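**Q** One-letter residues, chain by chain:
There are 2 protein chains.
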Amino acid sequence: MDNVRIIEIKKSVLDNNDKAAHELRAKLKADRTCLMNLMSSPGSGKTMTVIRTINALQDELKIGVMEADIDSDVDALKVAQTGVKTIQLHTGGMCHLDAYMTEQGLIEIGTQDLDLIILENVGNLVCPAEFDTGASFNVMILSICEGHDKPLKYPLMFTIVDALLINKIDCAKHFDFDFEQVEAYAKRLNPDIAIFPVSAKTGQGFDVWVEWLRNKVTDVIR
Amino acid sequence: MDNVRIIEIKKSVLDNNDKAAHELRAKLKADRTCLMNLMSSPGSGKTMTVIRTINALQDELKIGVMEADIDSDVDALKVAQTGVKTIQLHTGGMCHLDAYMTEQGLIEIGTQDLDLIILENVGNLVCPAEFDTGASFNVMILSICEGHDKPLKYPLMFTIVDALLINKIDCAKHFDFDFEQVEAYAKRLNPDIAIFPVSAKTGQGFDVWVEWLRNKVTDVIR
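The listed protein sequences derive, respectively, from chains A and B. Each residue of the first sequence is one higher than the one before, counting from 216 in the working numbering. Each residue of the second sequence is one higher than the one before, counting from 216 in the working numbering.
For the record, the hints were derived by calculation from the structure and aren't laboratory data. In this text the structure is predicted, and so the values were computed from the model without any measurement. Among the hints, a few may not be true.
If several chains are the same, the list does not tell them apart, and a pair holds so long as it fits within one copy or across any two.
To be verified - Simulated pairs of lysine-lysine, DSSO-like, Cα-Cα distance not exceeding 27 Å:
1. K402 with K293
2. K242 with K293
3. K388 with K416
4. K416 with K277
5. K234 with K431
6. K277 with K242
7. K388 with K402
8. K416 with K234
9. K300 with K388
10. K242 with K300
11. K300 with K402
12. K388 with K242
13. K234 with K293
14. K244 with K388
15. K416 with K244
16. K234 with K244
Okay, chain A solo, but in the shape it has when bound (with noise of 0.2 Å):
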């Protein structure tokens, strides 16, 4: 069997990501520099809510944007348009980041001169959530459309964020989706998330969530 020796390879891979990653965070606290790692599925609205929150935010704060991508440019192309300085990160099929991509792209963008840098990670809920990316704090997204038992078949992902933004709640009427039931599943695997209800689409709930997110960045580069 095959299946085995693959995990004994994974274990060092993630053993010396982790290392990686440790050095990483340390680095971006010392340079007053906060890193947010941004997951979810596909098409759960990453992009829409990255834009809204640097709307909301780049008044106060000097913010950058790393977009991950298999192979497009179209998420980095749409967050230009808010003028913060974005990058491309192409991962050539990788399902994941892991602290050795975010590093590169760190070096690319430059922490200098930002507040926050938001890092768009590759829509996908099983890969990124085993790599540490080296990010300040974690926070995923899961779209009202997925359905609420996605802590039941996802639960890594779920235990490693710190917030837990619940999108596209303008469309909550037409799906069959139990709030409470996802609130309960989520902190039993993880009691300490925050979860934010929202829309990208028409900024509902984004006041509450910025708000904590404020609050989150200065902790790091204060």
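Please arrange chain B on chain A, whose structure you already have, making use of the hints.
**A** Chain B only, in chain A's frame:
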């Protein structure tokens, strides 16, 4: 840089997997059993699609279902209610199934008495596209909630499937989803791809999809 080493290992893993997948496909053909590998993002409606497909075909075909999941059995419990033989495959944190894992599942479910086995892969648009499971053919679901730019961002998945179901069309008026654009993007990658707009919730479009599937199964098992 660790990245280069990871990719080299991956190549040998993929080569071994391809060989195992080809052998498995030949064995299935000899057994007159058709294996359909169904892939999608989390929450695009795989399980509801499987259930509605079973309901349409179980009077004429002997069907079995293998539900792959990282860590739950919620889907298998739902599918088992249709009365068809259903087993749960736990990937133990792995983000995809390969041909070895699929073969283990087939030994468990037994191919002798089944015409069609549906494999519901892990919800992920990246990794499952890289690993040939040995299935007779591949199908993916994209829900309209995910957006029409997905072929640009996950090109390999759209390249390796025989059919694309565009699900949740009952909600189309609430989302800015451009059907012509997604079709153009998908056909640029994969000119022979068959595309079926459907709603697993209402049944809309299922007659055309089920007819395609019936013909595909017949090609394999007769």
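**Q** With identical chains, the pair K416 and K277 could be close in the same copy or across copies; at 27 Å between alpha carbons, which is it: within, between, both, or neither?
**A** within (24 Å within a copy, 45 Å between copies)
**Q** One pair to classify: K234 and K293, alpha carbons no more than 27 Å apart. Within, between, both, or neither?
**A** neither (34 Å within a copy, 42 Å between copies)
**Q** At 27 Å max between alpha carbons, let me know whether K242 reaches K300 within a copy, between copies, both or neither.
**A** within (20 Å within a copy, 54 Å between copies)
**Q** Could you figure out if K244 and K388 sit no more than 27 Å apart (CA to CA) within one copy, between two copies, both or neither?
**A** Answer is neither: 42 Å inside a copy and 45 Å across each miss the 27 Å cutoff.
**Q** Give the relationship of K300 and K388 under a CA distance limit of 27 Å: within one copy only, between copies only, both, or neither.
**A** The answer is neither: 37 Å in one copy and 34 Å across copies each exceed 27 Å.
**Q** Checking K402 and K293: alpha-carbon separation at most 27 Å within a copy, between copies, both or neither?
**A** between (34 Å within a copy, 24 Å between copies)
**Q** Have a look at K300 and K402 and pick one of within, between, both or neither, based on CA distance no larger than 27 Å.
**A** neither (35 Å within a copy, 34 Å between copies)
**Q** Measure nothing new, just compare the shortest in-copy and cross-copy C-alpha distances for K416 and K244 to 27 Å and report within, between, both or neither.
**A** neither (33 Å within a copy, 48 Å between copies)
**Q** Quick one: K277 to K242, C-alpha cut-off 27 Å, is that within a copy, between copies, both, or neither?
**A** within (18 Å within a copy, 59 Å between copies)
**Q** How would you label the pair K234, K431 (within, between, both, or neither) given a Cα cut-off of 27 Å?
**A** within (23 Å within a copy, 50 Å between copies)
**Q** As a check of your reading, is K388 near K416 (CA-CA no more than 27 Å) within one copy, between copies, both or neither?
**A** Classified as both: same-chain Cα gap 15 Å, cross-chain 15 Å, threshold 27 Å.
**Q** Using 27 Å as the alpha-carbon threshold, which applies to K242 and K293: within, between, both, or neither?
**A** neither (29 Å within a copy, 48 Å between copies)
Taken one by one, the earlier hints fail for this structure at numbers 2, 8, 9, 11, 12, 13, 14, 15, listed in ascending order.
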